[in-house]
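Undergrad: The sequence shown runs 0 to 139 under numbering that gives the first Met the number 0.
It is worth saying that the hints were derived from the structure and are not from the lab.
Just so you know, nobody snuck in bad clues.
Restricting the straight-line Cα-Cα distance to at most 25 Å, the calculated cross-link-like pairs of lysine-lysine (DSS-like) are:
(1) 126 <-> 81
(2) 85 <-> 57
(3) 57 <-> 81
(4) 126 <-> 85
(5) 42 <-> 128
(6) 81 <-> 42
(7) 128 <-> 85
(8) 57 <-> 126
(9) 81 <-> 128
(10) 128 <-> 57
(11) 42 <-> 57
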Amino acid sequence: MTPLRAALLGAFLTPLAAFAETSLDGQLSIELNATQAVENSCKLSFLVVNGHDAAVDKAVYEAVLFDTEGQVNRLMLFDFGKLPAKRPRVRQFVVPQLACDGLGQVLVNGVTQCTGESLPEGACLDKLKLGTRTDVEVLG
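Please build the complete structure, drawing on both the sequences and the hints.
TA: Here it is in structure tokens:
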């Protein structure tokens, strides 16, 4: 690997490693990391870290999307899939016919599915850490 490639890779991975190493022991973290307008839709990018010692085989959350006026736009299910233990993952969801600048809040309304061998009860919802790096508020 060339020194330039190594430096670029290090610059990309350092924020993810720092995020993953924060005190997430025994909890799951979901951060709305970015929104992007794509053809009459809004792509939501989430950074998810499973701070448990066991992998999550499947995590599906019910989310309520509110517009900037505070009115419910729609309910959705976000399937984050498999989340390995102690590792960051990025998951993206395209919300059709939604302008990103019209999205005001995302409410994590509950978990509809959370499976994995050796996971503690409530692993996907108890102590759920939510955050955002966007102008969209994330609540739970």
